[in-house]
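Chemist: In the order they appear, the protein sequences are chains H and R. Counted from 1, the first sequence has number 159 at position 159 by the numbering used here; the numbering is strictly sequential. Counted from 1, the second sequence has number 131 at position 131 by the numbering used here; the numbering is strictly sequential.
If you are wondering where the hints come from, they were derived from the structure by calculation, not from laboratory data. Ideal placement from N, C-alpha and C gives every residue a C-beta, glycine not left out. Don't take each hint at face value.
Claimed, not checked - These stretches of chain H come out as covered by chain R in the derived footprint (C-beta under 8 Å, 3 or more residues):
{"no.": "1", "segment": "76-83"}
{"no.": "2", "segment": "90-97"}
{"no.": "3", "segment": "222-228"}
{"no.": "4", "segment": "247-260"}
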Amino acid sequence: MSNVVTPVVSSTPRSLRWRHLRSLEFVVGVLLTATMVLLALLSPLIFPDQGTRMDLAARLVPPLTQWAHPLGTDPLGRDVLERVLLGGRISLFVGFVSVAGSVIVGVAVGLIAGFYRGFWDMFLMRCVDVQLALPFILIALTFISILGGGIGNIILFMILSQWVQYARLVRGLVLSLREREFVQAARAFGVRDFSMIRHHIVPNVLGPVVILMTLNVAENILLESSLTFLGLGVDPQTPSWGGMLADGRTYLQTAWWVSVIPGLAIMLTVLGLNLLGDWLRDRLDPLGRP
Amino acid sequence: MIGFFVKRLLQAVFVVLVVTLFVSYAVRLSGDPAIMLAQGAGSVTEEDLRNIRIGLGLDRPFPVQYFEFVKGMLVGDFGRSFLGGTPVSRLLADALPATLSLAACSLLLSLLISIPLGIQAAVHQGGPIDQAIRIGSLVGLSFPNFWLAIMLVLLLSITFPILPPSGWDGPVSLIMPTLTMAIIFSATNIRLVRTSMLETLSAQYIMVARAKGLKDRVVLYKHALRNCAIPLITYIGLQFGKMIGGLVVVEKVFNWPGMGTLAFDAISARDYPVLQASVTVLALLVVTANLLVDVAYGLVDPRIRNR
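Using the sequences and the hints given, assemble the complete structure.
Modeler: Quick look at the structure:
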């Protein structure tokens, strides 16, 4: 394989004025993500009741009408703000842990498959076939409806279905890195396989992996919330964004805020991560492949 | 050439086998459907349960049951629903057209949105229009699909009661689910159009077409669009699995009488033959779409065949 540089029209320089927009997006992305993560970490300390406290005298209070409930209350008189803040814990936890798991498995398999080819490579490519053909949500539905939901099972299914993306990405990168001069040179110097992977291969695959991770956390937050919304995820007693939306849907006619606010929380979190991922892609992968 | 098709076909068959194996194994993990069926029938003896199991074919070993399932699938026989005993094939025959029409309408609307926008973004690469379209698609990408569906219901059936909130109420019912899915699809499709358009626009024949003095519109929509159709179809084919996943969730929100709703109702009723069949058929749909895309690509572009 030769290193042909694909001619891309993007040699047109972007006007400098619009580069500032990019940095603004980065700042917004970091702020949104950091705020959501901080709130998720701190909320259990602020609200020791875990969002279960009911104020039956103040049911379905609209937002911005009572000091005690700035974002209103749900049909059981539970504070919407409190539950939204607590709900972030679940979504972010599932998002980050599932991606960390997929990265560990996927990068390891991808490195081995790309570096040594052979059995692992064949195994990986068949997994890629299956993964591309499967609507994840359907398989997850089948298993979760039978084995039960819960955070553990959701994370497990996300890892099972998503490690392949990382493995495929890393394998492709390793295949082309193997042929590069610096790797060939290191090999000629007798560098051992392990240290070759560690010092020459891994640093060069990190960028694209980080981009994929950022977007993947966003995607998994969406997935978790839709599974919970459908009643297949986190236990309905625990405050979670998907669960709040499912509760609120019945009261859409009378209490819009119960469905609007958790959805906005999901959207802002995911938007923050997407902005960050997009910025990283612009920085680390200038060809801008989809 | 034939080798390529045979290879792709074998891969597709392999994937379908893995899916059916997964699904039927999962269904067997679920515990005893006989107990579920017997519930509400008053006093049930062990004898009754055994008879129900034999009636459902659950007394045989898993490989035999799996073989029977695949054999039945090949002739379009998916068994009978646990509820009411309707043949599953009839339920599928009702639900599949509903899902396919929703998918087709959403894809079409999404292409109508994303092709012009994607082209504009590519033409004005780096400029304000490109940035606005990019940010718009990022926002679209951040919508939870079911929440977007709920928000549309809130807007178009509650605040301004123009459209029916759910179910099948004549062709107007198609509007809201289609709109939801089209917005979600477009967020990805705009980027795909933009990227493949950028690649196409750098080709020499585009420069030639421009040099001939053709109008911009002709160059873009006739010369460039046709040539970026192939990568575009491939990308969309690759996304098809995810699209079906989203469709299934949105169907449930709108109670659209399609495969997704069928599958969810089967889950809550623990109606395993229906669940098994609907998941299999949806996976089959995705595999077929991928296969068709690959084969079409192979026919058009000889480079792919030898990969």
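Chemist: Among all the numbered hints in the text so far, which are the ones the structure does not match?
Modeler: Hints 1, 2 not satisfied by this model.
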